[in-house]
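Residue numbers (our numbering), protein chains in the order written: chain A, 321 to 594; chain B, 15 to 274; chain C, 181 to 391; chain D, 4 to 219.
Please keep in mind that the hints were generated in silico from the structure rather than gathered at the bench.
Please note: incorrect hints may appear among the correct ones.
Said to hold, decoys possible - Label pairs and their computed distance ranges (CB to CB): (1) A:Gln474 - C:Ser205: 32 to 40 angstroms; (2) B:Met123 - A:Val332: 35 to 43 angstroms; (3) B:Lys108 - A:Gly514: 33 to 41 angstroms; (4) B:Glu142 - D:Leu167: 57 to 65 angstroms; (5) D:Leu167 - B:Ala168: 40 to 48 angstroms; (6) A:Ile580 - C:Ser205: 26 to 34 angstroms.
Unchecked claim - In silico lysine to aspartate or glutamate, EDC-like type, Cα no more than 20 angstroms apart, as pairs: (7) D:Lys209 - B:Glu47; (8) A:Lys430 - A:Asp329; (9) A:Lys430 - A:Asp441; (10) A:Lys354 - D:Glu176; (11) D:Lys9 - B:Asp121.
The structure presented is a predicted model; accordingly, all values stated were derived computationally and were not measured.
Beta carbons: idealized from backbone N, C-alpha and C, even for Gly.
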Amino acid sequence: MGFSLANIDRRVFYWILFIALMVPFLNPIGFPIKIAENTRDLYEGITEDSVEPGDVWVINFGYGVSAWPECHPGVTVCAKALLREGAHVILMGPHTDVELTYKHLLDTAKEDFDAATYGEDYVFLGYITGGESAIAQLASNMRSVYPTDHFATQLDDIPMMQDVNTWHDVSGVLSSDTGDWGGYFLTQWQEPYGVPMAQIGIAMLGSTGIPRWLAGNYFGMSVGSRGGAELEMLIGEPGDAIIAMDSISVSHLLIVIAVIVANVGLLLERGRRS
Amino acid sequence: MAIIVTGRLMTFILMVLTFIVMYYYMAINKEEEYNIRTLPAMTAIPEAVGRAAEMGQPVFWTPGISGSLNDSTQGPQVLAAISLLEYLTEECAKAGVELAAYCPLPDAMPLVEETMRTAYLRQGKPEEFNVEQIVFISGQSAYLSGVLGYFQRAKPASNILVGGFYYEAVVIGEAGNTIGAMQIGGTNNTHQMPFLVATCDYMLLAEELFAAGASISRNRDELGSIKGEDIMKLILAAIIGVGFLLGAAGITIVADALGW
Amino acid sequence: MAYPTATMEVIGLWTGWILMLTIYSYPLYKENPVYRFSEHLYIAVMLAVNLVVNFSNVMRICVTPMMQGDFLMIVPLILGIMIYTMLIPEYRWVSRYPIAILVGAGFGLGIRGSIGPNIQDAIVSTITRPTDGGAMAWINFLYIAVGLISSVLYFLLTYEHSGALQAPTRIGRLFIMVALGAYFGNTVLFRFTMLTGRAQFFLQVLKLIPM
Amino acid sequence: MSQMLKREVVYAITGIVTVIMFLEYFFFPESQAWAEIIRTWSVIIYNISLGLGAVRLTMAHSMNVQRRRENWAFSGVLLAGLAIMLLTGLAGYFMTGQQTNNAIYNWLFNWVYTPLGATLYPITGFYIFSAAYRAFRARNIDAALMLIAGCFVILSNAPVGEALWIGFATVGEWFRFTGQVPGMRTFALVGTLGMIAYGFRALLGKERGFYAGGEE
Chain A
321 MGFSLANIDR RVFYWILFIA LMVPFLNPIG FPIKIAENTR DLYEGITEDS
371 VEPGDVWVIN FGYGVSAWPE CHPGVTVCAK ALLREGAHVI LMGPHTDVEL
421 TYKHLLDTAK EDFDAATYGE DYVFLGYITG GESAIAQLAS NMRSVYPTDH
471 FATQLDDIPM MQDVNTWHDV SGVLSSDTGD WGGYFLTQWQ EPYGVPMAQI
521 GIAMLGSTGI PRWLAGNYFG MSVGSRGGAE LEMLIGEPGD AIIAMDSISV
571 SHLLIVIAVI VANVGLLLER GRRS
Chain B
15 MAIIVTGRLM TFILMVLTFI VMYYYMAINK EEEYNIRTLP AMTAIPEAVG
65 RAAEMGQPVF WTPGISGSLN DSTQGPQVLA AISLLEYLTE ECAKAGVELA
115 AYCPLPDAMP LVEETMRTAY LRQGKPEEFN VEQIVFISGQ SAYLSGVLGY
165 FQRAKPASNI LVGGFYYEAV VIGEAGNTIG AMQIGGTNNT HQMPFLVATC
215 DYMLLAEELF AAGASISRNR DELGSIKGED IMKLILAAII GVGFLLGAAG
265 ITIVADALGW
Chain C
181 MAYPTATMEV IGLWTGWILM LTIYSYPLYK ENPVYRFSEH LYIAVMLAVN
231 LVVNFSNVMR ICVTPMMQGD FLMIVPLILG IMIYTMLIPE YRWVSRYPIA
281 ILVGAGFGLG IRGSIGPNIQ DAIVSTITRP TDGGAMAWIN FLYIAVGLIS
331 SVLYFLLTYE HSGALQAPTR IGRLFIMVAL GAYFGNTVLF RFTMLTGRAQ
381 FFLQVLKLIP M
Chain D
4 MSQMLKREVV YAITGIVTVI MFLEYFFFPE SQAWAEIIRT WSVIIYNISL
54 GLGAVRLTMA HSMNVQRRRE NWAFSGVLLA GLAIMLLTGL AGYFMTGQQT
104 NNAIYNWLFN WVYTPLGATL YPITGFYIFS AAYRAFRARN IDAALMLIAG
154 CFVILSNAPV GEALWIGFAT VGEWFRFTGQ VPGMRTFALV GTLGMIAYGF
204 RALLGKERGF YAGGEE
């Protein structure tokens with residue numbers, strides 16, 4: 321079966337990995353983090369003269385509890401940035417645990433949300449389902465998919481939602497996804513109506529998203545926890561993503577070494593056979 | 015006032031052109047026989063069954079956690095996987111090789127059973143079909159444990175991992191690799207393609223999965239629409255080529271037209 | 181999040197910690213009854229949360245508006261319930277009506293919304309020459325155009341990859357492999373970040389690092 | 004007549020709904036009420052249908068318990084957990100309008116659902132690591148190219164990459180901003196053509212797979 325190293329029990333890898341992920345939390349290393357262009361475009365698109373006080377922005381929690389470490393740091397920075405510019409933020413999401421993610425955001429961006437007023441500066445509409453139809457309907461008539469906010473208050477009774485009901489009334493959308501919901505905002509908001517949009521999702525969406533940022537579909541993009549760390553650098557407030565970067569470095573180094581060792585084994589085996 | 019909404023004209027033209035081209039090949043062009051090109055993964059299926067016959071070990075099929083049949087992205091992949099199952103079952107029945115089908119999809123189960131029963135019937139061996147060959151396990155983790163357990167027990171000689179996979183692709187692919195099975199993979203879920211490419215000997219990439227299904231079912235409408243797709247791919251490739259050359263020279267007529 | 185102080189919360193935190201270890205007993209040790217217990221417990225609570233949240237959402241967007249006078253909402257309510265005839269073989273055909281609406285809306289919205297970004301904008305971006313960046317920008321411009329054309333040709337399904345098509349389709353597959361490689365690299369970041377979150381939680385509950 | 008009801012009428016509905024979405028988009032700059040009704044109905048129907056999976060699973064696990072199949076005890080755990088959380092959640096909803104106002108539901112939601120949800124999916128981090136070692140071999144040019152691109156992107160995603168050698172960041176960035184672009188654009192382009200083909204066959208009533216088992 322080839323190189324003898326090939327027969328190591330896979331649990332050895334798993335223990336090495338799990339321990340290796342913990343070590344940097346106990347004694348941080350602190351590698352420097354370079355900021356990517358796509359992340360800078362995202363940050364510049366939600367700060368300074370890109371956002372006017374009173375502009376309405378949608379933040380879509382397209383991720384569940386398991387993807388908090390990957391998506392939440394980036395969303396936290398973007399929520400802080402928008403609130404500091406005086407924007408009105410609509411929070412929503414397609415996961416059944418979206419309420420937990422909302423409460424987690426109130427905790428991770430605590431000062432900004434404590435200084436803001438619910439119903440005037442931000443609102444939590446809660447859970448949505450129905451795929452592309454739901455997001456298309458959100459653009460045409462918000463009240464058909466959200467007659468009330470998450471706390472059963474009619475939208476008409478919420479100050480910031482008085483004259484907000486269609487895409488016309490929204491200045492931009494930030495979608496943080498593990499799945500397809502960002503794609504629905506692209507096909508039902510950005511494509512038909514040109515509403516500015518950015519993706520703050522998991523790293524895998526970096527492969528489908530970067531070509532879209534290059535083509536102008538997204539005004540910016542943050543790729544996974546690395547993007548979250550870059551955003552924390554840009555806003556100048558280190559958080560969970562920067563803390564996790566050392567563990568990411570260690571684990572990424574380990575996997576590259578594993579691939580190299582495996583392929584060296586393959587070459588040696590071919591040499592032995594020929 | 016333009017009839018078509020400004021900024022959506024070219025989208026309309028491309029869509030209608032695609033419909034017309036497809037309709038021509040589906041319903042008008044009656045004489046031409048359409049064939050899917052050689053797909054190495056398909057020609058490998060008889061080889062996979064032959065290997066199992068030599069080693070006296072079973073063949074294993076599973077479509078991944080996919081989604082329900084009426085899911086517009088996962089449903090078509092499950093149907094293509096079941097078309098492949100039909101072909102695989104006939105090959106196994108011919109060679110007298112045992113075939114195990116692990117399916118985590120409740121609404122696809124009747125179709126899987128019906129497909130295998132018909133395939134054995136077509137090979138004149140209805141008595142060899144045993145419904146116990148089909149194992150239903152729901153829930154991604156339970157499904158994973160079940161498949162990995164089967165690999166340990168039965169050590170299948172060949173695995174057919176085709177359908178709408180999620181993260182179980184890397185687990186099953188790697189486990190199959192570990193027991194030395196010959197593996198044929200296929201999915202239209204981009205996020206799982208790297209893992210099946212790395213862990214399988216043969217791979218149906220994206221649309222190749224649907225083409226493989228159509229090459230077995232010989233469904234005239236499917237083959238006609240795939241032929242229509244090919245014509246559109248040639249047209250778009252030509253547009254990119256011409257547009258690139260003009261664009262390099264600073265002439266943006268093609269790019270402008272695409273923006274209408 | 182600060183370390184909880186209320187008793188029920190501390191019990192909850194440690195329950196979550198122990199449940200995590202029971203799940204990771206599978207990869208770190210082997211499949212075992214404790215893991216299976218936690219797995220089935222998770223499926224149970226996940227199903228329950230799905231049912232409750234979706235039930236309350238149907239009340240919010242359909243039943244309550246209907247009770248408040250929007251009587252037309254009775255139609256989607258009935259159509260939605262018709263889907264459950266899928267469970268009764270002889271009446272399964274009744275479920276085709278609501279599915280027809282879902283499939284029709286899905287394709288209608290999907291097709292009209294995807295052609296723009298996935299075909300038009302992608303081609304426009306590919307054939308628009310660089311405005312700055314020097315030689316490397318032009319090399320990349322050529323790379324992306326040649327790559328897109330040859331990869332699209334690779335996906336020709338009714339023409340054999342031989343003769344004039346052999347070289348471009350072979351090159352096309354290599355471009356696709358590069359994309360899948362980058363995709364694999366990004367997947368590694370996503371998967372390891374999630375696991376990093378769990379390693380952090382492991383230490384936080386033990387108070388080895390701050391919450 | 005009943006065959007027509009089961010087939011042609013169903014395919015006609017699919018086609019009409021699809022065409023309505025096209026008419027709205029191409030001929031009206033703003034969304035139209037007659038299309039909005041259909042979308043709203045589609046959202047509600049989909050929302051109601053989400054219970055189907057739960058019903059099927061409950062039936063399957065009840066069968067396990069009834070017939071004392073292998074691991075039936077775990078099915079019992081599932082059914083008990085489902086009952087407790089479902090009843091407490093509905094009680095919370097009906098009494099206060101918010102399921103999380105029920106203490107038991109809220110506790111299970113915060114301290115059982117959350118950690119388990121946050122734990123199960125990351126298990127893939129383990130598998131991707133062992134798979135990288137045991138299965139990711141450059142057996143041919145295709146696999147070699149995939150691995151090279153993958154390793155450079157890995158090392159450019161992690162801060163240690165640029166700390167070891169600035170080339171990892173530069174080359175990794177090239178793969179992200181140029182290397183992967185043609186392949187990813189091809190998947191999107193070809194995928195859209197495939198969706199158009201599928202939608203067109205459904206429009207013409209020639210795509211039966213959606214209707215749970217195709218032919219009667």
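task: Quick one: which hint numbers does this structure break? Sort them smallest to largest.
output: 1, 3 and 8
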